[in-house]
Amino acid sequence: MPQISFEIVAQCPVTGARAGLLHTAHGVVETPVFMPVGTQATVKGLTGRDLADDLDVRILLANTYHLYVRPGPDLVARMGGLHRFMSWDRAILTDSGGFQVFSLSGLRKISEEGVVFRSHLNGDLHKFTPESTVDTQLALGSDVMMVLDECPEYPVSREYARESMERTVRWARTAYRHYLERIAALPTRHALFPIVQGSVYPELRRECAEQLLELDADGYAIGGLSVGEPRPLSMEAVEAAAPLLPPDRPCYAMGVGMPDELPEYVARGVDMMDCVLPTRNARNGYLFTAAGRVIIKQARYKDDPRPIDESCGCYTCSKYSRAYLRHLYLSGEMLYSVLASRHNVQRYLDIMREIRHAIVLGRLPEHLKAVRAIPVEAG
RNA sequence: GGACGGGUGGGUGAGUGGUUAAUACCAACAGACUGUAAAUCUGUCGCCCCUUGGGGCUACGGAGGUUCGAAUCCUCCCCCGUCCA
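At position 278 of the first sequence the residue is numbered 278 (the working numbering), and the sequence of numbers has no breaks.
Honestly, I wouldn't trust all of these hints.
Stated by the list, open to error - Simulated DEER-style distance windows between Cβ atoms:
id: 1; residue 1: E7; residue 2: P230; range: 34 to 44 angstroms
id: 2; residue 1: E113; residue 2: R70; range: 16 to 26 angstroms
id: 3; residue 1: E310; residue 2: D56; range: 17 to 27 angstroms
id: 4; residue 1: R84; residue 2: R182; range: 13 to 23 angstroms
Calculated directly from the structure, the hints in this document are not laboratory data. Idealized CB from N, CA, C, for every residue including glycine.
Based on the provided sequences and hints, a complete structural model is requested.
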């Protein structure tokens with residue numbers, strides 16, 4: 001019995017891109033969707049009011065590894081689960097910690113049973129297994145859980161990519177078996193997505209996708225993207241895997257991407273994405289607009305009275321000038337991060353709404369053509 | 001008037017004979033960031049020239065001097081601070 005369901009409302013006849021509705025235990029999500037990243041049970045700089053009432057975010061992402069090492073799944077469970085703990089009653093997807101296998105590579109050791117981590121906070125040793133990460137995510141109360149995977153770096157040899165991919169498939173089977181046992185006894189609904197790996201090798205991607213199909217999961221993810229590889233190779237990896245995944249289930253491209261990449265992934269069959277870029281780049285002075293980037297610290301914006309993006313309806317753009325935001329940035333004021341993050345997340349959500357709208361109207365090819373013409377630098 | 005202390009590149013401030021166009025931090029300017037060890041990190045930062053690497057010029061309050069060589073030592077002068085008259 002499905003834990004979440006996916007309803008396709010429109011499909012692009014040219015690309016096959018879909019507009020859909022993802023029904024979760026915590027509400028309905030319009031797809032294609034961008035999920036803001038709230039690693040530590042918070043989207044940095046944004047309140048629940050910003051996210052829900054203002055930006056109308058329907059699903060966000062949290063991280064199992066980070067919440068595991070602090071404050072710990074037991075505490076979160078005691079506080080009523082992650083939704084109640086962070087006061088977010090909409091959907092939550094949790095990453096398994098698989099990405100940390102990659103990003104904290106100096107602090108971990110991979111074996112067949114799982115990964116042994118050294119906590120980046122205090123050096124304590126922790127072991128993550130396919131089963132334990134399911135349990136941890138269930139303790140958090142995640143709506144969409146991810147299997148533990150290994151996200152290999154780039155470049156990686158074909159040999160290691162295969163070895164790693166095959167281990168990820170074995171982990172996914174183990175996790176799934178455990179998951180099915182656990183949810184049978186639960187009244188709540190939690191999906192578990194396997195993750196397609198295989199680095200930049202299309203045949204490994206295909207092989208991985210085919211093997212994961214046997215799990216008959218509610219949705220599938222494509223991982224290992226944007227780990228340093230040239231963008232065309234990311235696209236190739238998705239092109240290899242996405243067509244093999246079940247057409248009636250959501251496809252989630254993990255950890256992507258830049259604004260110009262989002263429609264490209266959707267056009268290749270992706271329904272869900274997440275990325276730290278809108279929030280991290282906001283804090284680092286890099287703002288996204290419909291007309292290209294604005295690096296707010298640049299001297300050219302010193303006395304620019306315009307909003308970040310004249311076509312944006314967000315709170316920041318309705319109230320504040322580039323000159324003011326630049327001043328806040330250079331002064332190191334925390335309000336800068338708040339206002340910039342709100343704008344960048346708005347931009348990402350708008351990008352997804354525009355894509356969805358284009359699919360529903362049957363105009364995705366025209367939309368793709370238009371967005372490909374957006375310059376790098378805003379005026 | 002006297003006694004100390006001090007004057008260094010946009011700022012603060014190291015450096016007390018060569019390896020110093022001069023540490024570091026700040027500012028300024030530019031860049032990176034993709035399932036967040038990130039409110040982080042990197043580069044440039046006297047002028048001119050040959051587009052690697054290098055060459056030339058000007059620089060540590062001012063003027064002289066000692067020395068193969070001075071931001072660094074000596075002399076005088078000018079400023080600033082503290083203290084004593």
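Evaluated hints:
no. : hint                              : verdict
1   : E7 with P230: 34 to 44 angstroms  : holds, 35 angstroms
2   : E113 with R70: 16 to 26 angstroms : holds, 24 angstroms
3   : E310 with D56: 17 to 27 angstroms : holds, 22 angstroms
4   : R84 with R182: 13 to 23 angstroms : holds, 20 angstroms
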